[in-house]
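J.: Starting from the known structure of chain H, fit chain V with the ligands onto it as the hints suggest.
The primary structure of each chain is shown beneath.
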Amino acid sequence: MTQNRSWIPYLLILPTVFFLGLLFIAPLVQTIWLAVSDNGMPSLANMRTMMIDINFGRSILNTFLLTLVVVPVQIAMALAMGTMVSKVNGGRETILWIWTIPLGISDLAAGMVWLSILQNTGYLNTLLFSMGLIERQTAWLTYQTPVALFVGIAVAEIWRGTAIVMIIIVAGLNQVPKEFKEAAEIFGASPWTRFTRITLPLIRPALQSALILRTVLAFEVFAVVYALGGRNFPVLVGEAYNWQNQNQNYSVAAAYAVLIMVISLIATLFYLKVIKVDPERLP
Amino acid sequence: MANIVIDSIRKDFGTFQALKEVSLTINDGEFVSLLGPSGCGKTTLLRIIAGLETGTSGDISVDGRSIVGLPPKDRGLAMVFQNYAVFPHMTVYENVAFGLRMQKADEARVKKQVEKAAALLHIEPNLGRYPNKLSGGQRQRVAVARALAVEPRVLLMDEPLSNLDALLRLEMRTELKTVLQAAGTTTIYVTHDQTEAMGLSDRIAVVHDGRIEQVGTPVEVYNHPATRFVGSFIGNPPMNFISMPVTAGHVAIGTKRFAVPAGSGDTILLGLRGETVERAPHGQGLEMQVRVAEPMGSHLLLTGSILGQAARVILPATETVRNGEMIGLTLDAKRLTWLSPDSGISYPAAA
Ligand SMILES: Nc1ncnc2c1ncn2[C@@H]1O[C@H](COP(=O)(O)OP(=O)(O)OP(=O)(O)O)[C@@H](O)[C@H]1O
Ligand SMILES: [Mg+2]
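In order, the protein sequence lines correspond to chains H and V.
Note that the numbering used here gives residue 357 to position 190 of the first sequence, counting from 1, and the numbers run on in steps of one.
Note that the numbering used here gives residue 205 to position 204 of the second sequence, counting from 1, and the numbers run on in steps of one.
Excised from the complex, chain V in its bound form:
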């Protein structure tokens, strides 16, 4: 059992606020990703949870008991460091065995656990070698194996797959998820790779500038970003944001009128996922001036502008669009996000 409640954690480094009132609840056995750009405070939050850093204020509790002030070793967690921190003076085997040795596990159990973790991460051939002779990706896998070998209640991982090639990363991702799910390990996973976060997580916490902007399932976060930042950070291509005039609570798009949420002013920001549009019959729908049309095989990527604002949309591969063509797009009212142009915060999705 490991329910983690992070309550209003702040962290100042001198005058710099690295974390500004971060709150997050992680349920037992859940896989939560901290997703955000470089420097947003992901590692800092992880280090505070691990007990390597002390928050300026706020509380963290596990299963209802505050762990603030507990030394790292009493928190029952394992961690994969962003720069691996694989011990250079120990063989890979001894590295993976380290946590078990500290727990004074008997030799048979050490051997069994090390071999299991090594097999999972495909590092068996390297068990007798020293880390300096390994590639970055191999070292990273040693770090992950070291953490998995102790079968922790809570696993903290700081960009554990960032150094692997695309293919291996995909494979590791799947295996990691399977293993952690089977073991019921509560996992906090730091990444700035949105596809990794989408693929692995039960829930994603999007971190920006020392704040959590949104917490939700991958689908929620993708379809209904809480802020402009979340919409533009998640998805490839990122969400389009088009400023539109509001008249009498409606926005006119082509021949159609869309009701906008109450409380908006004269203009509103339309958040439009590129792949939610369809091509409209000639002369209808939202007009897009296509600058470049790129056939990607699986789909057709169009880059251009809508209402004079840069936009990217995706059409089925079967469509043909010429560079420079003006096309019409049909929108799906249910899949639109409306945001305040001033605050960049989205209005609650219509029920």
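With the rest of the complex left out, here is chain H:
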């Protein structure tokens, strides 16, 4: 009976395949074609235009630097937060809820929030001034203060994107039965050893998912950067946006889009290879 109905699963997934094809694969193919063609002929001209542009090197550097700083800090913070929240009994949900508030804020709004803190007339300057630490309003977000600008953007990104990592990590931590940690404790493992030798290996799948998701999102960083730094801090998506809107050059914008996609795919592959998840070694 199951044999002569083998077409049913295909029928059921057909709509999703159809819409995915329509709304994702087709534009993807189009974008790639746009990037590697010129007047309907295959060409690397767009790639060349992208690469010789003055902002290209800086946007790659900035994007990678931001990713390298933001992602590890977020993973570390999420692990610390997840571990702490697993220790509390009452009010656990409330704490998690408060921690996830930044998730509900769009990234442009998040950028605005931090702009209101860091801009010349912002809360930070007001605070520093009232404490007598600065004499007059100080600019933090200009091209003359690249370090402050970078730190400001990194902090805003960390604030905005840690919750999603934490949710994945907390889900992973919940999967680890407490007896494993208790057994390790009985046999003399210190809290740190329990964390590194028991908890971390057992939440590998969650860690892998969080890293992939967070890294891919980090390469796509845009709105927060745009709100805080404008064009003072070029990043890859920002450049794509500029080529598309300011320069009206869809082909170079497409070249950026393809570049971002390739980087994301490589990063994902990297995590899949480096953090191997062997189902045989999971609880």
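Honestly, the hints are just simulated from the structure, not real lab data.
Bear in mind the structure is a predicted one, so any value in this text is a computation, not a measurement.
Where hints are given, some of them may not hold.
[Said to hold, decoys possible] Below, a list of computed lysine to aspartate or glutamate pairs in the DMTMM-like style, where the Cα atoms sit at most 25 Å apart:
(1) V/K134 - H/D445
(2) H/K348 - V/D13
(3) V/K117 - V/D107
(4) V/K113 - V/E95
(5) V/K113 - V/E152
(6) H/K345 - V/E160
(7) V/K105 - V/D75
(8) H/K348 - V/E160
(9) V/K134 - H/E346
(10) H/K254 - V/D75
(11) H/K345 - V/D13
(12) H/K348 - V/D107
(13) V/K178 - V/E152
(14) V/K117 - V/E152
(15) H/K254 - V/E54
(16) H/K348 - V/E54
(17) V/K257 - V/D333
[Stated by the list, open to error] Rough simulated footprint, nothing fancy, chain H against chain V, three-plus residues with beta-carbon under 8 Å:
(18) 75-83
(19) 100-109
By construction, the Cβ of each residue, glycine as well, lies at the ideal position given by its N, Cα and C atoms.
T.: This is chain V with the ligands only, laid out in the frame that chain H set:
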């Protein structure tokens, strides 16, 4: 050296009292079983001793020093968890070696201890495998090996053999006892299997409903149960309880009169072990209406009623009894237990 004194330990989970004033002394090198039905608080007591749970009140001391408040690792004990807690991401070898690694033992000692424990529990062929590929019984033996490998002063075991087949369980039981005795390990062993407790223990603590009802050697607990619960929980078939009228401090059974302990009222509860009776000559002794007679090979199991109350007794295999027959039983006054029908507590055995 490890003398453990458990003093009036209580444990409340919210309004639920899991342990109600439990006291127990375990001598150095002794093997004590906590025996009781599911949910009576055995695991909770073990976890409090291990330091994984804090008692609501009461004290536990080892060799005269209170260990309340000490973290588990400073209590010098090892534990076998009821659900094994074998680390899934480590090979069996690394699991067994875990405690030694935490003690920073050198590689030679780790190897020696792991191999010794693995040999004892017959898990050598699995040392290189991951626990997920093992059966429940094999995992359980890994958990026991992990605990034995560190040669602890005190070993806590929570139903460590429950998942093994009958034959292997018997074998493990004997080997475990031999090893622990040789090492002089003080052992607290949780089980709800009475034959396991009887066979292994120096003493048994029978736990019921968050209380220890009786502590004693297997023979004491079997022959002189302190409460009705203990009598019915230990022994197969369980002890028979027959309510009898008392006249002038005596109970009349057949043509004989048995003196009952002073202080009993109009009725008393007779605790009768099924195998302590003999068949009486026709028309004498305690009458039993046999409903079913089952020849078991080694003995004859009779199920029926005595004085209208359900009873099970055992006669030698050489006897023949027909279903529905009425037979007489001779009782041995020294092997009877008398209990208060109200409290279910037994009167002290006559000297
Ligand atoms: N963390 C907890 N919170 C609330 N109640 C608990 C908790 N741990 C145990 N209990 C309750 O305490 C009682 C005793 O539990 P415990 O696990 O000690 O039983 P046990 O004797 O080991 O039973 P079993 O033979 O089934 O393992 C049970 O009624 C259980 O529901
Ligand atoms: Mg239990």
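J.: Work down the list of hints and note, for each, if the structure agrees.
T.: Now for the hints, and whether the structure bears them out:
no. : hint            : verdict
1   : V/K134 - H/D445 : 13 Å, holds
2   : H/K348 - V/D13  : 23 Å, holds
3   : V/K117 - V/D107 : 16 Å, holds
4   : V/K113 - V/E95  : 13 Å, holds
5   : V/K113 - V/E152 : 12 Å, holds
6   : H/K345 - V/E160 : 18 Å, holds
7   : V/K105 - V/D75  : 15 Å, holds
8   : H/K348 - V/E160 : 20 Å, holds
9   : V/K134 - H/E346 : 19 Å, holds
10  : H/K254 - V/D75  : 21 Å, holds
11  : H/K345 - V/D13  : 20 Å, holds
12  : H/K348 - V/D107 : 24 Å, holds
13  : V/K178 - V/E152 : 14 Å, holds
14  : V/K117 - V/E152 : 11 Å, holds
15  : H/K254 - V/E54  : 14 Å, holds
16  : H/K348 - V/E54  : 13 Å, holds
17  : V/K257 - V/D333 : 11 Å, holds
18  : 75-83           : holds (count 4)
19  : 100-109         : holds (count 3)
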